[in-house]
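Undergrad: As a plain string of letters, each chain reads:
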Amino acid sequence: GAVVSQHPSWVICKSGTSVKIECRSLDFQATTMFWYRQFPKQSLMLMATSNEGSKATYEQGVEKDKFLINHASLTLSTLTVTSAHPEDSSFYICSATNRQGAVETQYFGPGTRLLVL
Amino acid sequence: AQSVTQLGSHVSVSEGALVLLRCNYSSSVPPYLFWYVQYPNQGLQLLLKYTSAATLVKGINGFEAEFKKSETSFHLTKPSAHMSDAAEYFCAVSPGFQKLVFGTGTRLLVSP
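Residue numbers (our numbering), protein chains in the order written: chain S, 1 to 117; chain R, 118 to 229.
Hints were generated in silico from the structure; no laboratory data involved.
Think about it this way: if two alpha-carbon atoms lie no more than 25 angstroms apart in a straight line, the pair counts; the simulated DSS-like pairs of lysine-lysine are:
1) S/Lys55 <-> S/Lys20
2) S/Lys66 <-> R/Lys216
3) R/Lys216 <-> S/Lys55
The following block holds chain S by itself, in its conformation from the complex (with noise of 0.2 angstroms):
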């Protein structure tokens, strides 16, 4: 159980193109979803959580005109990367929470690798 997906998991686009990344959680409802950005040899870095049906918050520093997050069901949440520019090149986890007792446990999905050109 817990599993979640990302769709796609790998997108190549010309630089001021936007691109949409899909979360999905496959087998529990989510309450919360996470958007993480991971830089070759690098931890991962929050972006921005996602509660269904209110609008996301950014970590310091994360332009929210630029990602644009929807969190429009309890399975699903969309990162759209608008303006795509090459240092936006990156591995774009996301990760939703399922209550275990007293404790949100945060399951990840697989990730996307983005290159922008």
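Chain R: place on chain S using the hints.
TA: Below, chain R alone, put in the same frame as chain S:
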């Protein structure tokens, strides 16, 4: 602010040897601590978590970790390394509000 420090960006062991990956945390309140594993080009998989119950936590794939408040540590161990254990390991602390703060990661290399 809560944080974790992972000592050693790379750890090399021989197959069958003890695995020890170090994690120290900084927290002003009792922390929730996690270990995740990441295989190449994949997301993270939860190995184990500490939630203020038993200080010795057993996880999947034979891994375990011990919470030591006096040392502010949460080191990950496995008695006998397997080739399939080669991966990147991340320690994380939860500062509340469901967030996770990750360490910089430790790459485990297992040689035959």
